[in-house]
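Trainee: Those protein sequence lines, which keep their order, are chains A and B. The first sequence begins at 1 in our numbering and counts up one residue at a time. The second sequence begins at 816 in our numbering and counts up one residue at a time.
Since the hints were made in silico from the structure, they are not lab data. Owing to the predicted nature of the structure, the values given are computational and were not obtained by experimental measurement. Yeah, the Cβ is synthetic: ideal placement off N, Cα and C, and Gly gets one too. It is possible that some hints are incorrect.
Residues from chain A shown here face chain B by an in silico Cβ test under 8 Å; the list is partial [claimed, not checked]: (1) Gly334; (2) Arg791; (3) Val795.
What follows is a set of in silico ranges between Cβ atoms, one per label pair, in the way DEER data are often shown [what the hints assert, rightly or not]: (4) A:Gly779 / B:Asn875: 27 to 37 Å; (5) B:Asp877 / A:Arg781: 37 to 47 Å; (6) B:Glu825 / A:Arg781: 23 to 33 Å; (7) B:Gln879 / A:Ile796: 29 to 39 Å; (8) A:Arg781 / B:Leu897: 31 to 41 Å; (9) A:Ala778 / B:Thr906: 28 to 38 Å; (10) A:Gln776 / B:Leu844: 29 to 39 Å; (11) B:Val901 / A:Tyr793: 42 to 52 Å.
Residues from chain A that keep clear of chain B, each with C-beta distances beyond 10 Å, as calculated [stated by the list, open to error]: (12) Glu150; (13) Arg730; (14) Gly752; (15) Gly788; (16) Pro811.
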Amino acid sequence: MAQIVPLIILIPALGAFINIFWGSRLKEDQSALVGIFASSGAFIIALLLYFNLLSTNYQEAIINPFFFDSWIRVGAENLEIPWQMRVDTLSVTMMLVITGVGTLIHVYARGYMHGDPLFSRFFAYLNMFLAFMLVLVTGNNLLMLFVGWEGVGLMSYLLIGFWFSKPKGEGYQNANAARKAFIANRVGDFGLLMAMFLSFWTFGTLDFFKPGEVINPNYQTGAAFGGAYGDSYDDHGAEDDHGDEHSAIPGTNFVLTSNLAVEEPVPGEGGEEAHGEEHGTDAAIAANPAFPDNSHLTMEQMGMFGQAERIIAEQEASGEVRMVQFGPFEMRFGVVITIITLFMLLGASGKSAQIPLFVWLPDAMAGPTPVSALIHAATMVTAGVYMMVRSNTFFHYAELTSFIVAIIGMTTALMAGFIAMGQWDIKRVLAYSTVSQLGFMVTAVGVHAYVPAMFHLVTHAFFKALLFLGSGSVIHGVEHGHHHAHEHGHGDDHGHDDHHEDDFDPQDMRNMGGLYTKMPITFFTYLIGTLALAGIYPFAGFWSKDEILADSWVIGVTEGGLKGLSGYLALVVLLVAAGFTAFYMWRQIELVFFGKPRTEAAENAPESSWWMLVPLIVLAFFSLTLGAMNQPGTHRFAIWIEYSALHAHASTFLILLALIALSFGIGGIVLAARIYGRDKGLVDGKDALEANPQTARFFNAANARLWWDDAYFAVFINPFIRAGKFLADRLDWKFLHDDFHDAITHGFQRLGKTLARPVDQGAIDGTVLGIGRLAQWAGGRMRRPQNGYVRTYAVILFSGAILVLIFLLIPLFGN
Amino acid sequence: MLPPSPVEVEAFVILSFVLFVIGTLGVILRKNAILVFMSVELMLNAGNLALVAFARQWSNIDGQLFVFFVMTVAAAEVAVGLALIVAIFRTKHSINIDELHQLEG
Numbered sequence: 001m002a003q004i005v006p007l008i009i010l011i012p013a014l015g016a017f018i019n020i021f022w023g024s025r026l027k028e029d030q031s032a033l034v035g036i037f038a039s040s041g042a043f044i045i046a047l048l049l050y051f052n053l054l055s056t057n058y059q060e061a062i063i064n065p066f067f068f069d070s071w072i073r074v075g076a077e078n079l080e081i082p083w084q085m086r087v088d089t090l091s092v093t094m095m096l097v098i099t100g101v102g103t104l105i106h107v108y109a110r111g112y113m114h115g116d117p118l119f120s121r122f123f124a125y126l127n128m129f130l131a132f133m134l135v136l137v138t139g140n141n142l143l144m145l146f147v148g149w150e151g152v153g154l155m156s157y158l159l160i161g162f163w164f165s166k167p168k169g170e171g172y173q174n175a176n177a178a179r180k181a182f183i184a185n186r187v188g189d190f191g192l193l194m195a196m197f198l199s200f201w202t203f204g205t206l207d208f209f210k211p212g213e214v215i216n217p218n219y220q221t222g223a224a225f226g227g228a229y230g231d232s233y234d235d236h237g238a239e240d241d242h243g244d245e246h247s248a249i250p251g252t253n254f255v256l257t258s259n260l261a262v263e264e265p266v267p268g269e270g271g272e273e274a275h276g277e278e279h280g281t282d283a284a285i286a287a288n289p290a291f292p293d294n295s296h297l298t299m300e301q302m303g304m305f306g307q308a309e310r311i312i313a314e315q316e317a318s319g320e321v322r323m324v325q326f327g328p329f330e331m332r333f334g335v336v337i338t339i340i341t342l343f344m345l346l347g348a349s350g351k352s353a354q355i356p357l358f359v360w361l362p363d364a365m366a367g368p369t370p371v372s373a374l375i376h377a378a379t380m381v382t383a384g385v386y387m388m389v390r391s392n393t394f395f396h397y398a399e400l401t402s403f404i405v406a407i408i409g410m411t412t413a414l415m416a417g418f419i420a421m422g423q424w425d426i427k428r429v430l431a432y433s434t435v436s437q438l439g440f441m442v443t444a445v446g447v448h449a450y451v452p453a454m455f456h457l458v459t460h461a462f463f464k465a466l467l468f469l470g471s472g473s474v475i476h477g478v479e480h481g482h483h484h485a486h487e488h489g490h491g492d493d494h495g496h497d498d499h500h501e502d503d504f505d506p507q508d509m510r511n512m513g514g515l516y517t518k519m520p521i522t523f524f525t526y527l528i529g530t531l532a533l534a535g536i537y538p539f540a541g542f543w544s545k546d547e548i549l550a551d552s553w554v555i556g557v558t559e560g561g562l563k564g565l566s567g568y569l570a571l572v573v574l575l576v577a578a579g580f581t582a583f584y585m586w587r588q589i590e591l592v593f594f595g596k597p598r599t600e601a602a603e604n605a606p607e608s609s610w611w612m613l614v615p616l617i618v619l620a621f622f623s624l625t626l627g628a629m630n631q632p633g634t635h636r637f638a639i640w641i642e643y644s645a646l647h648a649h650a651s652t653f654l655i656l657l658a659l660i661a662l663s664f665g666i667g668g669i670v671l672a673a674r675i676y677g678r679d680k681g682l683v684d685g686k687d688a689l690e691a692n693p694q695t696a697r698f699f700n701a702a703n704a705r706l707w708w709d710d711a712y713f714a715v716f717i718n719p720f721i722r723a724g725k726f727l728a729d730r731l732d733w734k735f736l737h738d739d740f741h742d743a744i745t746h747g748f749q750r751l752g753k754t755l756a757r758p759v760d761q762g763a764i765d766g767t768v769l770g771i772g773r774l775a776q777w778a779g780g781r782m783r784r785p786q787n788g789y790v791r792t793y794a795v796i797l798f799s800g801a802i803l804v805l806i807f808l809l810i811p812l813f814g815n
Numbered sequence: 816m817l818p819p820s821p822v823e824v825e826a827f828v829i830l831s832f833v834l835f836v837i838g839t840l841g842v843i844l845r846k847n848a849i850l851v852f853m854s855v856e857l858m859l860n861a862g863n864l865a866l867v868a869f870a871r872q873w874s875n876i877d878g879q880l881f882v883f884f885v886m887t888v889a890a891a892e893v894a895v896g897l898a899l900i901v902a903i904f905r906t907k908h909s910i911n912i913d914e915l916h917q918l919e920g
């Protein structure tokens, strides 16, 4: 059943293919249908995989797709990287989020992009993005993850710069934002690449887990399964075990890693014992409930995480320190793991927009709103968190890295939350909010709370997508209201190409207000998203955010040293950040929806089409209910994740902490309501905080985005440009061009002048022209006899004949 | 093989030579294409006479055989040559070979 997983990539890729090559001939609705069908097809595959996991008791599977037998193989270097796809609880979680939210956003984009000249290209990009994102999450090795990682980076670049051709320099700004995102991500990619190289050097493989490996021994023992599945396997499965690790038998290019094939259970413990002895090491390759852990596997039979676990266990047992050789150097294994995880953190901070590389994400809002929702809120930016949760073994043992991860995460959360309070652009607020929430997730990884990290990732994907789509709906409405106000009657159904014929900014919250009555459905869904993000009971965000806080508290109490410190710090900082979150979100609600309309555009804003509203309603429903999947007590999501992540664990629910977190959230909302409520938010076009001299400094700092961009410009970009200018002016132009090139060209000129007369005009011309003249002269001579008179020719012929005769006769007279 | 000729071979050779010289002078001196043509025939037949005479002198049939070939070729040449002359006359309305000198170098 799990063999269908390649389709989840192929279907969106096919959709992209159709829209790329035939998109220009398709009508808008046809393009959109192709995109939506491709995306929902992937969603159906993800659902099937989910139910398959449920029915096989969460047994992961590793699939070799038919179209890639062995991806990279260098025999001499013992390098083998198979194109293997991994279906386990972690990857299926990501698949469901990506395709589920993705499908809703495709539907929404049908309404939002209506009238865009590049409509079909947009859907092609979205589908291609889905395909790459699914490569990222289904890959069973770091290199496949990297392929997806780069692919989504590319699609992100293309989609941020989607409106590159807008007039008045706006297109140029969009293209610049796209480049910024791409370049910031390159820095992060360097980190991921280094982590990959180091992992390969240390472990000799890039596979997360090899087929047959047991990921979490706690859930592989008979006790965990009870008798129902622990004893069951079938003979066919046993035969499969004979083949090599990657392709069990010819024709079946998938490997069952465990007791996935339970259609014909053969009960009986005796059979199982016999099986284990009979097949010896061959059988060991494909995991079997007979093996509760990985102790029967050699190092080569395990992926990098399994090897790391064993090395660390051996170190602890024997007290010897394992060294890793790097040519002439050697390094302690623990240090290597720390370096690998630090590089991974660099990679994650690029993709998941953490300090110091987060600056690209707010600018990425230049892209169309569905892109912001799908790529820059729900899916791509969580790739870094996914990668770190996937590598939880490394992070678990790298104490120093975990501390740094937690510090970076919480600083990012706090800082981005602060900046969000001073922004005017409705999407920019959400962008900083996303950075902040990603900071929450990264902090969770730092305090070893992998389940809450994933939980928050999932809930955040839904409510942040909802908020972005809601903001898109607001922008759409204000824009149409603007057209309506200025071109009475026929401005309503305009496309996107004539967006900004004047300086009106439909994204500026100062131009909004009072949209509550104009766009009621958008308002209610937006409100749900806001409450979920602010962490208000019983919305989804409450549960996931609370788990992160609870785990931070628990690690602070139970662990000493850096771990404990990071726990306490995370708790305090994240609580404040959560207060910020509630504050800036409610400020947004007040400025956008409440009060009186501040412009004609807001006055005339219509509600958006159903194409856009239906996804909002569905997302709002999930933002309201998704917390149910990991309720304290049952911890269904925690158990689900634990099957794929050894160090994941269910968190405790602390009612007091939950109340404190809730009070921070409500406090933020109340404060924002008091400051911005009843049309008090804007004082002479200034923010209420800006108008108040006591708080103006803070607001200006937030409004200036804490000068991060300015700092980067001062430290990196301007010196770089200056150095470039210097090199261009001095080295290239002055030295290379003026001096060096001129010296060479002048030298050649002089040499040429010297040689021209004697050699060229004298010798060469003389010879060549001489031959020509000779031929001319000879031709002139020889044309004389050719006078055309037949009798002349006859005379010459006879003379010749007589001459020949004479020559023949001479010998006769000679004797 | 053949009975000995009552006439000496020298007489044939002299006659042949005379005919050949007459033909040659005709070719060189006459302007009418038909007469030039006839002179060429005369030259060919002078050659034929010499060949036949020597064949008889040496009792070798090869000479006589060769004469047949020459006559065949001459017949073919007449056919082609006369056709050419007719064609030339049609375009130029003259068969004066001195007027046919467009191919001068």
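Trainee: Each hint: holds or not?
Mentor: Against the structure, the hints come out as follows:
With 8 Å as the threshold, the beta carbon of Gly334 of chain A stays out of range of chain B, its nearest partner Cβ sitting at about 101 Å, so the hint is violated. Here the hint on Arg791 of chain A is kept, as its CB sits about 6 Å from the closest CB of chain B, short of 8 Å. For Val795 of chain A, the interface hint holds, since its Cβ comes within 8 Å of a Cβ in chain B; the closest pair sits about 6 Å apart. Between Gly779 of chain A and Asn875 of chain B the CB atoms are about 49 Å apart, so this pair departs from the stated range of 27 to 37 Å.
Judged by the Cβ atoms, the range 37 to 47 Å given for Asp877 of chain B and Arg781 of chain A holds: they are separated by roughly 44 Å. For the pair Glu825 of chain B and Arg781 of chain A, the beta carbons lie near 45 Å from each other, so the given range of 23 to 33 Å is not met. Take Gln879 of chain B and Ile796 of chain A: their Cβ atoms lie about 33 Å apart, and the range 29 to 39 Å holds. In this structure the supplied range 31 to 41 Å holds for Arg781 of chain A paired with Leu897 of chain B, their Cβ-Cβ distance being about 37 Å.
Look at Ala778 of chain A against Thr906 of chain B: about 34 Å separates their beta carbons, and that is inside 28 to 38 Å. Judged by the Cβ atoms, the range 29 to 39 Å given for Gln776 of chain A and Leu844 of chain B holds: they are separated by roughly 36 Å. In this structure, Val901 of chain B and Tyr793 of chain A break the distance hint of 42 to 52 Å, their C-beta atoms being roughly 22 Å apart. The Cβ of Glu150 of chain A sits about 77 Å from the closest Cβ of chain B, beyond the 10 Å cut-off, so the non-interface label holds.
Against the 10 Å criterion, Arg730 of chain A stays outside the reach of chain B, whose nearest CB is about 71 Å from its own CB. Distance check for Gly752 of chain A against chain B: the nearest CB is about 44 Å away, which clears 10 Å, and the non-interface claim stands. Once the 10 Å rule is applied to beta carbons, Gly788 of chain A is inconsistent with being away from chain B; the minimum gap is 3 Å. At roughly 20 Å from the closest C-beta of chain B, the C-beta of Pro811 of chain A stays outside 10 Å, upholding its exclusion from the interface.
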